[in-house]
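First residue of the sequence shown? That's 1 in full-length UniProt numbering, and the numbers climb one at a time after it.
Honestly, the hints are just simulated from the structure, not real lab data.
Heads up, a few of these hints could be off.
Stated by the list, open to error - Ranges between beta-carbon positions, derived for each pair:
1. Q74 with L33: 30 to 36 Å
2. D57 with V15: 39 to 45 Å
3. L11 with K31: 54 to 60 Å
4. Q74 with T47: 32 to 38 Å
Note that CB positions come from ideal geometry on N, CA and C, so glycine has one too.
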Amino acid sequence: MAALIKYSLVLALMVVMSCYKFEVCLGFNPKQLNMSALNGRTAHWSTAGATWYGSPDGAGSDGGSCGYGKLVSQSPFSSMITATSPSLYKSGKDVEPAI
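Sequences and hints are given; from them, build the entire structure.
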């Protein structure tokens with residue numbers, strides 16, 4: 001009888017964990033994000049701007065980020081390199097850093 005209870009608990013735990021795993025796999029869907037529903041409950045957000053350098057389907061700046069050149073489009077970087085604005089990095093005193 002104790003073995004049956006033990007296996008039942010293990011099975012129940014596996015079911016719960018598989019449901020959790022399935023939920024995590026769904027991920028974040030930005031189309032379901034409704035910021036107007038949060039009106040009045042959010043922090044004060046400011047508008048922002050961004051500039052994209054390079055081809056629309058490329059890895060970014062054709063010169064690369066921080067001298068990486070075309071390596072930013074290859075593994076292990078695979079377009080996951082970005083650079084900050086000189087106005088944000090030491091008042092523009094150094095080269096833009098790769099983050």
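Which of the numbered hints above does this structure break? As far as the earlier hints go, only 3 is violated by this structure.
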